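*Asks:* So the chains spell out like this:
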Amino acid sequence: MKGVAVTGTGLVLPNWGALAQAKSATEAAIKNKKRCIMLWMNGGASQLDTFDMKPGRPTGGPFRPIASKVSGMPMCEYLPKMATVADKLAVIRSMKTQSPDHPDGIYHMHTCYKMSERTPHPEIGAVIAKYNGNPDSDLPSFVRMGSTGNGGAGYLGPLYEPFGIGRDGKLGSFTSPYLPEEGEKKRADLFRFVEDEFTSEHKADPFASHRMAKERAWRLLRAKSVFDSSKDWPKAKERYGDTEFGRGCFMARKLIEAGVPFVEVGQENYDSHADNFVCHKANMQLLDPAWSGLLLDLEERGLLQDTLVIWMGEVGRTPQINNRAGRDHYIRAWTVVLAGGGIKGGQVYGSTDVDGKEVKDNPVSEGDLFATIYTTLGIDSRAKHYHGVRPIWLTPEGTGPVKELIG
Amino acid sequence: MKLITCLILTSLALTSSVMQADEPLRGVIDRELAAGWKSKNITPAPHSADAEFLRRVFLDLVGTIPSQDETQKFLADADAAKREKLIDRLLADPRFATAQADTWDLVLFGRNPGNADATRKRDGFKIWLAKQFADGVSYDRMVRELLLGEQPGSEMFQVQFRSQPEEATVLVSRIFLGTQLQCARCHDHPFDRWTQKDFYGMTGFFVRVVVQESSSGNNKAYTLGEKSTGEVLFSGAAKDQGPGKKGEPVKPKFLGGPELTEPVMPKDFKEPAAPKNGEKMPKPAFSRKEKIAAWVAAPDNPYLARAAANRVWAQFMGRGLVHPADDFTEQNPPSHPELLNAMATGLKSHQFDLKWLIREIVNSRAYQLSGTGSLREALPTSFERARVRPLSAEEIMAAMRKATGYDAEGKTPANLGNAGNEYFMRYFGEPTNGLGEFQGSLSEHLFLNNGEHVRGFVRRKKGNLADQLLVSNDPWEQRVERLFLSVLSRPPKPAELTKFTEYLKSDPKPEPRLEDAIWALLNGSEFRFNH
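Quick note, the sequences are listed as chains P and F, same order. With the first letter of the first sequence counted as 1, position 24 gets the number 24 in the working numbering; the numbers rise by one all the way through. With the first letter of the second sequence counted as 1, position 439 gets the number 439 in the working numbering; the numbers rise by one all the way through.
Chain F extracted, bound-state conformation (with noise of 0.2 Å):
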């Protein structure tokens, strides 16, 4: 198997990198970066063992792990295009869309969104968003519902910048155009070519959006309405600010566009009054809100299709071609120019089907190479290895539930008892500094050590892991086995069935053993990350 892998390896690194009309993306893919790695001689690592892959593409597309049943029928299974099958039903499935939502709201919100008390609670921004990934939605049009926020639950994403436009222009530039504008607040950007007019230009798109909340009972709602006038006030660089300084009302002008052309409004124009709680806004006169909308989510945007594969491509491939992902600028081009063009261009033929572009970039061999070998980076440069990228979250808990059976008897709440959701957000919802890097930290470990709520996943429950391998009459062997298929998704290795099996045969009441056997497993750094 592993002389099969290289030699299509070297036969793939041989071919030339000029691209093939119809040829499957994937098949770019392969070549692209094959000819990176002849280049700078790199040896990649070997293709993923089956049961390496199906945890990993599991996460990556479900956002939890394989189930014990669905790991033995996939490992067992004779059929050469199982993999393939695999991520066609995985595609398929209703948790994709949950798992892509989840994903998608930290990338549109973060941890600590602005507007916290109206945006900490957005279950139904997460029922919309995944909604869309459920539908197969296409990404243009997803991108522009989220700047025109009309659905019931879209809202959510521009509520999160009430009174704050200029936090909408950064948001959104660099979201969906890949375009970090921050630094022109302040000054122009010191090695970029955005000024400050670009930056509130774009913020004239934003200036005019109301938020409205309206109230019954504890329940709060919020819609988006827009002002007919209002502009943005441009008064210099920030140094130069002082007391009484008044600014210049700036044009609206699309990111390295032209300004925005609209109508005068009539110099008697007067905003209609407040309206009251429950009321919308009445339509403004000219909406700046449809026109920015129509102008990023445009198919022929020039930065909206490689801004979204680039960022798709990272976020199952651990960086951007373009990394960080959402920096595109002259001084940083992308690793593999001509593989990107190929996502971007196939993207837009492809009606922006991110559906399409997720298949193809998990059958591609380099997704599917091990995470095996002596690298030390966690997102290896030239994608040589499989990246290492900590489970967010809502991927510990989920896998962790499925791991050891807590749903296993009937129906189990969506949310853990004891606030258990809250403290999985706060001990492993932001694990990494400010480069992305991850860190371990006291307070995780310190959680997962003594906490009721990780002894609640090992702990004998009826129906549970532990409680089905302590009824069971099996030899210790075959039963550490399915302990292992069931938290590793992956049968154990000589060693580890020596070494647990004596563990558990060691003591006649093995309960508090087998305890710790699953709480070993689940605490350690295989469960801890995709890779």
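Isolated chain P (complex conformation) (with noise of 0.2 Å):
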């Protein structure tokens, strides 16, 4: 199946505009490997206020827990709806981690690797990008919308940078062609001619990488449909919460389903050192239907065991309540929450103490959390990749995955 005539998912040219409505599509890409969507809480989101809550506890602030489908699972009176899926969930109580400030703690929390290191680590995106995403696509394999990850490909080079684009599926800068689509296409030809002719006698890799991607620009411009929500927006909005991260849940969904292998969606708002509880009361409004939408309707389609999604921040919040009714970074205890993709939902990993302050058992690191989830994903955690000499495996030397979490 593979050539210029044919499109990564079987359609031949013609049918690009319609990719995103044609059925098979989705059959497609339930065939490829497992995709990722990563729900970025954008600052660090609280957990004493959202899934490890300590109620009565001088650190417990305001918010009352209610009950979730799973016992033993209490989550934040502001997420009624996921207290409905909590048995897809998988809730990580006991993340204890390195970064304690925002832009390492982005790019440790992305790459599961340290800043300071001057070694260029890809991020998760760029990872699953290259591991389980399909060469022959019409669309980029790394597609994130709002402000997430810092890294970029890192040494898995070009290929697999972050594709930018708005949680409304505004595309970014040079992707609106200024020729017609004649004038387009007649010049697409006399570059092809071009190459052609030099080819015939330059036999090189490079060329060839060059002429690809030159190729993937314009299947992707002519495949930009998928990325147009306005159609089936309106419907789905009632789910998903009509706010721009609900629409940013949604148009993830969209492309998983039209085989994009990652989609990172950031949500603002949570560095809350002052008036913590007035930021997480708003944001977990706007979160509570979209994430939850996202895990139903991703069930409905079929798409849950196949598609993991990630709900983290940089870091978590201090324990203490400052000053100014806020709290702080901490990294010592907090949460990150996996759903699907051969997660065992339903269950909490690990614990905190009565406050909230140390985790009491099985502690998870950055590496070990980034092993979980290429282990799901069908990903060697291990696997070896140079910088220059340099040998970097995916993840840190003695990490690996916590079995418990893989069902």
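Honestly, the hints are just simulated from the structure, not real lab data. Just to be clear, a hint being listed does not mean it is correct.
No more than 30 Å apart at the CA atoms, straight line, and that leaves these computed lysine-lysine pairs for DSSO-like [as the list claims (entries may be wrong)]:
hint, chain 1, residue 1, chain 2, residue 2
1, P, Lys114, F, Lys82
2, F, Lys505, P, Lys357
3, P, Lys185, P, Lys203
4, F, Lys227, F, Lys245
5, P, Lys96, F, Lys245
6, F, Lys246, P, Lys96
7, F, Lys509, P, Lys203
8, P, Lys114, F, Lys121
9, P, Lys186, F, Lys509
10, P, Lys185, F, Lys509
11, F, Lys505, F, Lys493
12, F, Lys270, F, Lys283
13, P, Lys186, F, Lys462
14, F, Lys493, P, Lys203
15, F, Lys82, P, Lys203
16, P, Lys114, F, Lys239
17, F, Lys227, F, Lys289
18, P, Lys344, P, Lys237
19, P, Lys360, F, Lys245
20, P, Lys186, P, Lys69
21, F, Lys289, P, Lys403
22, P, Lys186, F, Lys505
23, P, Lys203, F, Lys40
24, F, Lys251, P, Lys186
25, P, Lys186, F, Lys493
26, P, Lys185, F, Lys245
27, P, Lys185, F, Lys499
28, F, Lys462, P, Lys114
29, P, Lys357, P, Lys114
30, F, Lys246, P, Lys114
31, F, Lys82, P, Lys360
32, F, Lys197, P, Lys384
Just so you know, these numbers come straight off a predicted model, no measurement behind them.
Dock chain to chain to rebuild the complex, using the hints, since each chain is given by itself in its own frame.
*Replies:* Printed below as a string of structure tokens:
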């Protein structure tokens, strides 16, 4: 099925525009490798006000927990919809990490390596793009919306760089051709003629890589309609919540369904050094329908078992409430939530002490978390790469997957 | 012509690989490579065509492509020594200095240097570097000054290591000594002889360097100072570290050499108070910086000449004889040891004159092999075909301007408008993965296809290529010929001539089609790479 005349999903050229609507696209995507959606809580969400609540303790704060579908997994009263899908969630309450601030935490929680090392480690999205992406796809293999990672593709190279879009599906720079369609086609044909002439005598690999990237850029724009959610959003917004973040989650589902292996959606405003509770209440009201809606939507479409949904940010927040009713950055004991993609749902892994200050059992490091993620996605977490002469592994030495989390 | 090439190569292959006194290095290069081909039963690519050589050597020496005039003159020249003469002319061209400065700036800083706030803009450094090449300053002197950082501009090299003496150790060892020490930062090197003591021994030379910042208005200036005290503390392998574990001071030690002997500081010595804005720090009682600069840049330093020769070879031939070019270890021997010896010895006897080495390499028949053939490797391991390398961001911009006559009409600013230079840096700055392999990227092509900046090159503007071809009354065949000479530095092949002539003729208003034609050539693999 390979070749310029056929797209990655097996549709011939004239059908490019119809990719999003094509039933066969979904079917083909399901057959592909596992995919991943990362919901990035930018600034760092509070574990004490979401999934590791300490009611009645000085660190507890004003929110009340509610029971969820799973006993032993209470959650915040502002996550009522999430409580109904708790059976899908694996809540890791024992994250113990190393990078306490934003740029370094963002880097660390996207690459599982410290930023201070000057090796350019790839972000999780680039890794999944490399290992689980379909090289013949019309669509980019690493898409993100909103402010999220800061590492890019690193040593994996330009092929796996993130492709940024708006949460409404608006494409970034240089995605509107200045020529009319007919003119584009004529020019493209002339380019192909030039390439054919040159490559009749020149066979080195870089030439092929150059040509393929050119074709990919054209194919992407012809498959652009996938990014247009204006028609189906009115129906979906009730489920996801009529918010920017909700729309981003819906877009992520659409892209995953169309075969994109990794999509990251950022939600802003978690860095609540002041007025933590005001911030978190507002954020959770957007998060709750979007996240739960995404999980249910994926499940209904038969995509959840092959799509891992990660909920995390760069840091947790301090158990102590500061004098501005805020919570500061905290990395000694905090929470990440996984669902779908082969993760064993309905469980709480690890725990913290009575005030949430220390991990009580089963600490999970950045490397352990990433090894778990890669393993459940079918990627060898100790795959070896090189930066110059230096061998580097996908996850650091001494870390490994948490077997209990994988179903 | 091909037959002659073949005969020469055969006879080269038959010569023994014994070095002859006073033999020009270019002869040694060809003899050693031919011996390698013979032993591996490899047939090298044919000798390059004139046009192929012309474009290659222009990009490699002066960082851009030849003008249409230069190309026509060179191709028409019947002088048998025209390649050698061209090389001499380009080596004397002022653009040689700026192009080599761009190349070495990338070696010394990469695209994402440390201390980004200070190093992001380093025009002063590039001016200093270009001056070294323009003035023919010898490599050892240039290296010494990079480590001393006393001339205006040169300080920036060490400014990137501000408060990170370990980074200085990694980079200085790698770039100037061809030795990868970074593994020994956290543990003894697993398969090389370097230990953590070696790593921190070298770091001891950089630990007292202080980057001073002075500002007037929005402009910040940097100078290097050095303290008289301060030691590197070493506390064992990274995996054995824990809170509260204290390290022992490590004495400075030259890599693979002796410990530094230095005077003992009086017990009651106190560092002078920090200088005010704009004031220089007083010189230290004893300068470790001067010692490391003198040691690294000493002509008889055991690593310096070999590392430099290998790096320059890799710059022009695609891969080092030791490859990667900065990874000299016992486990990674040179592919052509005699040749590496000859280059290093020659570099020393020519007072570290890089221009001499470059002249010899690009005059070799090996450098002048064709880029054609069925081999797929970008950087052939036996140098049996010209290497294929992507143009750097700087070269792409310069070549596009030259190809399209962008600067034909009067003075055009050095930078493209609307942040054009920044876009080119972003999309062309880092085209390879961690192994140095080229990867075409989506964003590069979206920019090339749809960006106004690239369109600005192809669109008709008074005096530019599109304009010249549109005002001409010559038959389209002749105009297509000029188009190819201008963009690809060669005449079109018959099929190309026919195709392009038809394409341009078929519309009574040919302007949009001419834009397409220029664009298609600018976007092709042939333009994107040096091959």
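*Asks:* Hint by hint, say whether it matches the structure.
*Replies:* Against the structure, the hints:
{"no.": "1", "hint": "Lys114(P) / Lys82(F)", "verdict": "violated, 54 Å"}
{"no.": "2", "hint": "Lys505(F) / Lys357(P)", "verdict": "violated, 77 Å"}
{"no.": "3", "hint": "Lys185(P) / Lys203(P)", "verdict": "holds, 25 Å"}
{"no.": "4", "hint": "Lys227(F) / Lys245(F)", "verdict": "holds, 25 Å"}
{"no.": "5", "hint": "Lys96(P) / Lys245(F)", "verdict": "holds, 21 Å"}
{"no.": "6", "hint": "Lys246(F) / Lys96(P)", "verdict": "holds, 24 Å"}
{"no.": "7", "hint": "Lys509(F) / Lys203(P)", "verdict": "violated, 37 Å"}
{"no.": "8", "hint": "Lys114(P) / Lys121(F)", "verdict": "holds, 26 Å"}
{"no.": "9", "hint": "Lys186(P) / Lys509(F)", "verdict": "holds, 15 Å"}
{"no.": "10", "hint": "Lys185(P) / Lys509(F)", "verdict": "holds, 18 Å"}
{"no.": "11", "hint": "Lys505(F) / Lys493(F)", "verdict": "holds, 18 Å"}
{"no.": "12", "hint": "Lys270(F) / Lys283(F)", "verdict": "holds, 14 Å"}
{"no.": "13", "hint": "Lys186(P) / Lys462(F)", "verdict": "holds, 26 Å"}
{"no.": "14", "hint": "Lys493(F) / Lys203(P)", "verdict": "holds, 18 Å"}
{"no.": "15", "hint": "Lys82(F) / Lys203(P)", "verdict": "holds, 29 Å"}
{"no.": "16", "hint": "Lys114(P) / Lys239(F)", "verdict": "holds, 15 Å"}
{"no.": "17", "hint": "Lys227(F) / Lys289(F)", "verdict": "holds, 10 Å"}
{"no.": "18", "hint": "Lys344(P) / Lys237(P)", "verdict": "holds, 28 Å"}
{"no.": "19", "hint": "Lys360(P) / Lys245(F)", "verdict": "holds, 25 Å"}
{"no.": "20", "hint": "Lys186(P) / Lys69(P)", "verdict": "violated, 59 Å"}
{"no.": "21", "hint": "Lys289(F) / Lys403(P)", "verdict": "violated, 52 Å"}
{"no.": "22", "hint": "Lys186(P) / Lys505(F)", "verdict": "holds, 14 Å"}
{"no.": "23", "hint": "Lys203(P) / Lys40(F)", "verdict": "holds, 21 Å"}
{"no.": "24", "hint": "Lys251(F) / Lys186(P)", "verdict": "violated, 69 Å"}
{"no.": "25", "hint": "Lys186(P) / Lys493(F)", "verdict": "holds, 21 Å"}
{"no.": "26", "hint": "Lys185(P) / Lys245(F)", "verdict": "violated, 67 Å"}
{"no.": "27", "hint": "Lys185(P) / Lys499(F)", "verdict": "holds, 16 Å"}
{"no.": "28", "hint": "Lys462(F) / Lys114(P)", "verdict": "violated, 53 Å"}
{"no.": "29", "hint": "Lys357(P) / Lys114(P)", "verdict": "holds, 23 Å"}
{"no.": "30", "hint": "Lys246(F) / Lys114(P)", "verdict": "holds, 22 Å"}
{"no.": "31", "hint": "Lys82(F) / Lys360(P)", "verdict": "violated, 78 Å"}
{"no.": "32", "hint": "Lys197(F) / Lys384(P)", "verdict": "holds, 27 Å"}
Checked against the numbered hints above, the structure breaks hints 1, 2, 7, 20, 21, 24, 26, 28 and 31 and satisfies the rest.
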